[in-house]
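Protein chains in written order, with this note's numbering: chain F, 1 to 127; chain E, 128 to 606.
It is worth saying that the hints were derived from the structure and are not from the lab.
Hints may be right or wrong, so weigh each one.
[To be verified] No more than 20 angstroms apart at the CA atoms, straight line, and that leaves these computed lysine to any residue pairs for SDA-like:
#1 E/Lys595 / F/Asn92
#2 F/Lys53 / F/Asp107
#3 E/Lys605 / E/Leu198
#4 F/Lys64 / E/Ser599
#5 E/Lys439 / E/His276
#6 F/Lys64 / E/Leu198
#7 E/Lys509 / F/Asp38
#8 F/Lys83 / E/Ala597
#9 E/Lys595 / F/Asp107
#10 F/Lys11 / E/Thr230
#11 E/Lys512 / F/Glu85
#12 E/Lys589 / E/Lys509
#13 E/Lys595 / F/Lys53
#14 E/Lys512 / F/Ala65
[Stated by the list, open to error] These stretches of chain F come out as covered by chain E in the derived footprint (C-beta under 8 angstroms, 3 or more residues):
#15 53-60
#16 111-123
All C-beta atoms, glycine included, are put in the ideal place defined by N, C-alpha and C.
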Amino acid sequence: MEVRKGLLYSKDHEWVQEVSESVVRVGISAYAQDQLGDIVYIELPEIDAEVAKGESFTVVESVKAASDVFSPVSGKIVAVNEKLEDSPELINESPYDEGWIIEVKSDELELSDLMTAEEYARYIEEV
Amino acid sequence: MLLLDLSVPGRQGYALPKLDVEETPIEELIPETYLRKSELGLPELTEPEVVRYFTQLSRKNHGVDVGFYPLGSCTMKYNPRVNENIAAMPGFSRIHPRQPENTVQGALQLMYELDRYLAEIAGLAKTSLQPAAGAHGELTGLLIIKAYHEFNGEAEQRREIIIPDSAHGTNPASAQMAGFIAREISSDPRGGVDVEALRAMVGPQTAGLMLTNPNTLGLFDENIETIAKIIHDAGGLLYYDGANANAILGIVRPGDTGFDIVHFNLHKTFSTPHGGGGPGSGPIVVSNKLVDFLPDPIVEYTDGRYHLARPKHSIGPVKAFYGNFGVMVKAYAYIRHLGAEGLRAVSENAVLNANYVLNQLKQDYHLPYDRLCMHEFVLSGKWQKELGVSTLDIAKRLLDYGVHAPTIYFPLIVEEAIMVEPTETESKATLDAFIEAMQNIAEEVRTNPERIKSAPCQTPVKRLDETKAARSPVLTRKL
């Protein structure tokens with residue numbers, strides 16, 4: 001299962017990519033999408049909605065279950081991947097690229113507690 | 128193949144007699160905007176064609192009257208035919224909910240006595256028969272918890288309902304619907320509620336705890352009295368999810384272990400049909416201090432007469448009239464038929480059957496919580512997954528053996544979960560056939576995994592594309 005280098009990861013299996021100094025892109029890891037199975041629906045959040053670190057910001061439904069997606073950062077949603085509305089399978093097919101979910105903006109992004117790719121790879125080994 | 132596909136223009140099953148009154152043109156009865164512009168394309172068939180179509184369709188189905196149905200947490204037991212005979216009696220089937228009370232004393236007596244029996248089984252005071260399903264019972268129970276805290280002036284602060292991570296998904300959904308915040312509590316290594324984590328979680332914000340006991344792992348939480356004390360000391364109430372009550376009839380009364388509200392699924396524990404549209408029935412039973420909050424109406428018996436009454440601080444009706452009365456009659460017949468000893472034997476045999484099957488299967492399938500189980504147990508398909516065969520594949524292969532698949536991928540805390548509930552109404556021969564099927568499948572995983580991945584191959588339809596069905600469902604058809 002690919003753990004994309006250069007991204008940061010949360011314990012809830014979300015990845016974070018720094019887009020600019022105050023904006024990050026968020027998605028779920030290849031490991032997470034594999035565990036969920038075929039994703040059939042995602043409830044896309046609204047732009048401008050506030051998200052809080054560790055709290056659920058959306059729900060993904062797979063053939064197995066509906067699961068919360070937890071925000072790895074706090075801030076305001078500035079972009080949503082609208083392609084997922086019609087093609088939720090992008091999360092399965094391309095979790096790190098086409099399957100990104102939201103972009104979050106904050107002037108005080110707190111990223112220091114997230115894992116590096118190496119740390120996350122070890123973490124999922126142990127789970 | 129739909130009826131529409133079988134239609135032949137001009138074919139007829141039934142002809143209406145000629146009108147013996149003058150016909151009024153439809154245009155005079157219905158405004159033009161609401162009239163169809165084209166013919167309604169109903170299928171045209173003869174009566175025997177329609178009968179054969181539906182009979183054949185029913186033969187493609189699997190139900191408890193066709194074969195073994197070990198669907199975990201669903202209690203798919205045999206539905207005794209005597210229940211149906213009694214529910215069909217005209218005194219029960221041909222009455223109207225608006226009839227005066229003095230003309231339906233028998234029906235009210237049945238409801239009152241069923242209320243008394245369920246209260247005795249629950250170890251609590253009074254029953255509302257109104258909720259139409261288990262989750263409806265949950266919502267009703269939670270609204271009562273809310274009304275109780277409101278009555279005590281604590282509704283503002285008591286917002287949290289604590290729910291174990293092994294709980295049915297309906298629990299957090301019901302809590303949310305009732306306006307509470309659902310807080311998840313983790314399980315301990317033995318599969319019960321983590322008592323220390325619970326101590327840390329409760330406080331003045333705690334409204335209550337929802338617990339299924341035995342839980343969805345089929346394990347009885349022996350710490351229940353400690354758990355009840357923690358919740359009560361914090362000022363909360365305990366709700367018992369009765370989905371698994373088939374394990375405890377006549378053995379443990381939830382009320383005696385500290386629960387304040389219990390729901391029963393008459394369509395599971397008390398043998399009324401379900402799994403094909405029901406209807407269900409999810410009565411709730413409450414302790415003395417909650418009786419005044421019950422839905423409206425309840426059945427009372429005073430001065431030799433049965434009558435309907437509104438509890439003093441009632442949360443109001445939760446369903447039209449009295450609930451699903453026909454289901455109550457069937458459950459009543461079941462309870463009277465078995466009696467107290469018979470009900471206890473139901474649970475003893477349900478637990479015995481589950482432990483028998485569990486012990487025959489634990490060599491071939493991983494058993495994450497290796498304890499004495501109650502009426503059901505949860506295996507994990509993780510050994511098979513390592514060989515490339517998923518729990519879904521195993522479930523599909525079981526269909527080839529004429530068995531309904533167990534509940535799979537639930538509870539969520541067990542990887543590749545396979546949840547089996549044999550029930551008490553199955554013979555040893557049926558259980559042995561299931562055990563053999565599961566053992567054969569485990570062997571096939573090692574020797575012929577491709578066969579399992581392409582299963583089922585003996586059923587009317589082969590492996591369905593569930594992903595496609597969920598991503599692009601076709602729910603309508605043009606007539």
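Verification of the hints:
1. E/Lys595 / F/Asn92: With Cα atoms ~14 angstroms apart, lysine 595 of chain E and asparagine 92 of chain F stay inside 20 angstroms; holds.
2. F/Lys53 / F/Asp107: Holds. Lysine 53 of chain F to aspartate 107 of chain F sits at ~14 angstroms (cutoff 20 angstroms).
3. E/Lys605 / E/Leu198: Measuring from Cα to Cα gives roughly 35 angstroms; hence the hint is violated.
4. F/Lys64 / E/Ser599: Distance ~16 angstroms between lysine 64 of chain F and serine 599 of chain E Cα, so the pair holds.
5. E/Lys439 / E/His276: holds, 16 angstroms
6. F/Lys64 / E/Leu198: Satisfied, since the Cα-Cα distance of roughly 16 angstroms is no more than 20 angstroms.
7. E/Lys509 / F/Asp38: holds, 19 angstroms
8. F/Lys83 / E/Ala597: holds, 17 angstroms
9. E/Lys595 / F/Asp107: The hint is violated at about 42 angstroms.
10. F/Lys11 / E/Thr230: violated, 64 angstroms
11. E/Lys512 / F/Glu85: Judged against 20 angstroms, a Cα distance of about 31 angstroms means the pair is violated.
12. E/Lys589 / E/Lys509: violated, 25 angstroms
13. E/Lys595 / F/Lys53: violated, 34 angstroms
14. E/Lys512 / F/Ala65: holds, 18 angstroms
15. 53-60: It is violated, with 0 qualifying residues against the three required.
16. 111-123: violated (count 0)
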